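Taking the hints into account, I'd like the entire structure generated from these sequences.
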Amino acid sequence: DAKTTQPNSMESNEEEPVHLPCNHSTISGTDYIHWYRQLPSQGPEYVIHGLTSNVNNRMASLAIAEDRKSSTLILHRATLRDAAVYYCILGGAGGTSYGKLTFGQGTILTVHP
Amino acid sequence: EADIYQTPRYLVIGTGKKITLECSQTMGHDKMYWYQQDPGMELHLIHYSYGVNSTEKGDLSSESTVSRIRTEHFPLTLESARPSHTSQYLCASSLAGTVAYNEQFFGPGTRLTVL
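Taken in sequence, the protein lines are chains G and B.
Taken in order, the first sequence gives residues 1 to 113; the numbers are from my numbering.
Taken in order, the second sequence gives residues 1 to 115; the numbers are from my numbering.
In short, the hints are calculated from the structure, not lab data.
No experiment lies behind these values; they were computed from the predicted model shown.
Keep in mind that a hint or two might mislead.
Which residues of chain B face chain G? A few of them, derived with a C-beta cut under 7 Å, are [said to hold, decoys possible]:
hint: 1; residue: Ile-13
hint: 2; residue: Pro-39
hint: 3; residue: Glu-42
hint: 4; residue: Leu-43
hint: 5; residue: Glu-103
hint: 6; residue: Phe-106
hint: 7; residue: Gly-107
hint: 8; residue: Pro-108
Not close to chain B: a few residues of chain G, all C-beta gaps over 12 Å, as computed [what the hints assert, rightly or not]:
hint: 9; residue: Thr-26
hint: 10; residue: Arg-58
hint: 11; residue: Ala-65
hint: 12; residue: Lys-69
hint: 13; residue: Ser-70
hint: 14; residue: Thr-72
hint: 15; residue: Pro-113
Covered stretches of chain G, as calculated for chain B (at least 3 residues, CB under 8 Å) [what the hints assert, rightly or not]:
hint: 16; region: 44-54
hint: 17; region: 102-112
Quick reminder that beta carbons are idealized off the backbone N, C-alpha and C, glycines included.
Pasting the structure below:
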């Protein structure tokens with residue numbers, strides 16, 4: 001499986017934008033880029049996913065580099081509730097990897113009041 | 001809100017006991033998964049199922065077993081619990097939708113402590 005590289009931790013102030021980077025230089029043409037987050041003492045929750053084009057939803061935006069070797073999750077205005085571990089995951093399509101997610105270490109986001 | 005439930009939320013049990021961790025979802029999802037996560041560590045997939053009567057081992061070897069007799073139910077069993085089984089166990093489910101659509105919905109987890 002293609003791997004991702006994320007910073008171990010990042011910090012932000014409340015109501016400021018946060019840009020969480022992810023490198024995936026060995027991404028294959030069929031890999032989607034998925035982001036999940038895990039709030040303290042909870043199971044992970046889906047944030048956003050994309051293939052080639054930038055994506056927006058109510059939670060965040062996903063900016064994907066033109067060569068797809070990196071991506072950035074953007075939280076437009078961080079709140080204290082956004083403090084979590086953020087996972088960048090490549091999701092394969094088809095075959096035995098279909099539907100399976102491989103979680104890495106993720107980025108621990110701390111939001112200061 | 002995801003409709004996926006896990007019971008118990010916390011379990012403290014002695015070595016050698018048989019335990020079953022329950023996971024149920026009301027979303028009609030075909031795919032279900034079990035992950036294991038030690039404190040501050042990564043999630044590791046230990047079991048998954050693509051539907052009724054389908055179960056597969058995950059990426060991390062586990063002494064636990066699973067069954068999928070009903071779509072909505074995916075219990076995990078440890079025949080003889082040991083302290084090394086102490087961990088958090090997270091259940092998840094997803095639709096069998098489009099080829100690349102695999103958003104997973106997670107339950108709250110069961111924190112297991114084996115003394």
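Against the structure, the hints come out as follows:
no.: 1; hint: Ile-13; result: 20 Å, violated
no.: 2; hint: Pro-39; result: 10 Å, violated
no.: 3; hint: Glu-42; result: 5 Å, holds
no.: 4; hint: Leu-43; result: 4 Å, holds
no.: 5; hint: Glu-103; result: 5 Å, holds
no.: 6; hint: Phe-106; result: 3 Å, holds
no.: 7; hint: Gly-107; result: 6 Å, holds
no.: 8; hint: Pro-108; result: 6 Å, holds
no.: 9; hint: Thr-26; result: 18 Å, holds
no.: 10; hint: Arg-58; result: 14 Å, holds
no.: 11; hint: Ala-65; result: 19 Å, holds
no.: 12; hint: Lys-69; result: 19 Å, holds
no.: 13; hint: Ser-70; result: 19 Å, holds
no.: 14; hint: Thr-72; result: 20 Å, holds
no.: 15; hint: Pro-113; result: 24 Å, holds
no.: 16; hint: 44-54; result: holds (count 5)
no.: 17; hint: 102-112; result: holds (count 5)
In this structure, the earlier hints numbered 1 and 2 are contradicted, and the remaining ones agree with it.
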